[in-house]
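Q: Sequence:
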Amino acid sequence: MSFPDNFTSDPDWEAYATRNGGPLPSNNTGLPSSEAIEPLNFDINQARANQADDDLERADSHPLESVRYIATLTTIKVRDGAEISVRISHPTISRLQQDKITAPLPVLFVTHGGGWIQGSHLSEEAWLLWHLYENFELAVISVEYRLAPEHKFPVWIEDSWDVLEALLLSNNSAFLDLGVQFDLKKVLLAGSSSGAGISAVLSQMCRDKGLPISGVILNVPAVCDYRHFPAEYTTEGQISSYRQAVETYSSGAMVMVWNTTQPSEASGSDPMASPLLGDLSSLPRHMIFVAGQDALRDEGIAYATKLREAGVPVKLEVFSGVPHHFAQIPGLTATARFQESFRDAMKEWLKPE
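Numbers 5 to 357, taken from our numbering, label the letters of the sequence shown in order.
Hints were generated in silico from the structure; no laboratory data involved. Honestly, I wouldn't trust all of these hints.
[Claimed, not checked] Below, simulated EDC-like cross-link-like pairs (lysine to aspartate or glutamate); rule was C-alpha separation at most 16 angstroms, straight line:
1) Lys319 / Glu357
2) Lys81 / Glu169
3) Lys355 / Glu169
4) Lys189 / Glu357
5) Lys319 / Glu269
6) Lys351 / Glu141
7) Lys156 / Glu269
8) Lys213 / Asp283
This one's a predicted model, so the numbers in the text were calculated from it and none came from an experiment.
All chains should be modelled from the sequences, with the hints used to inform the complete structure.
A: Spelled out as structure tokens, the structure:
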């Protein structure tokens, strides 16, 4: 399968990266095969600490109260008895009253990114959520699932599913005692990167169990172990995006992530790990965002292609020449376009029937 050139650097991103020391590819044509990419040398504990500091700093400078939202932390007991942290954000009662909102709130069920090895409730604030708060009255439910390598696959799927099921079945008081009601006919799944991979799996599980979901939003999704990428979506047997993104670090990072979370290569072929390998028929509508300089580019495009082949309504938007994390960078033209497209999809999906 051949892809158009989505890799050449976007001038806006190139200027930003040059000013700020961001990773830009060279004109090197001697790129390794996708099988020969070395995993990134990565101190997980330090990475977690750095991300936690960054997330907290941003949360302190962007308080929810400034957009008339409030967040409640609670826990949900999952299948093995563990208590999983859940964050429920929604408009303040005064905002709902002022805006004359009396109907139950649509739900955005969020699974955060971080390669299944790091991340928290705050990780999606900059990436997915902040630009939504002023424009929508939503209940945003975030799951702080357990992480690898301390915990083994598929625990991050199981934790997320157990929380989602408790919501959809309305059988947990954590979702019933907030002073607001949820519209369970308008539940959207959303996530970035590895969190988008979880959202993809959850959508397939909801279909299998007959639990309705209104739509799925996948931002730069990680949906297939590189060791099991289907040949029909490669170029001469190579994952082009993995090869191209070597110099932007995301290839080595993803090799490390898959090697860490799926130390047994065979388990990476499980559709709960690689939802691209699953049955994509009869799924709800999808919105998929892909970055051109991202190792995950080709699997995001492949997921959209396979959805279309299965008859699922899907909108794919490829942001050429920008890296995996572009939507976290304020001021980029691509970031503004991403946020506008995200909001447009939400408006369409949440409009009164």
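Q: Determine for every hint whether it applies to the structure shown.
A: These are the hints, each one checked on the structure:
About 20 angstroms separates the Cα atoms of Lys319 and Glu357, which puts this hinted pair outside 16 angstroms; it is violated. Note on Lys81 and Glu169: the hinted pairing holds, with a Cα-Cα distance of about 12 angstroms set against a maximum of 16 angstroms. As the CA atoms of Lys355 and Glu169 are separated by approximately 25 angstroms, the hinted pair breaks the 16 angstroms bound. A distance of roughly 11 angstroms separates the Cα atoms of Lys189 and Glu357; the hinted pair therefore holds under the 16 angstroms criterion.
The hinted pair formed by Lys319 and Glu269 fails the criterion: a straight-line CA distance of about 32 angstroms is larger than 16 angstroms. Distance check on the hinted pair: Lys351 and Glu141 sit about 11 angstroms apart at the alpha-carbon level, within 16 angstroms; holds. Pair hint Lys156 plus Glu269 holds up; C-alpha atoms about 14 angstroms apart against a cutoff of 16 angstroms. For the proposed pair Lys213 and Asp283, the alpha carbon gap of about 14 angstroms is at most 16 angstroms, so the pair holds.
Hint check: violations occur at hints 1, 3, 5; the rest are consistent with the structure.
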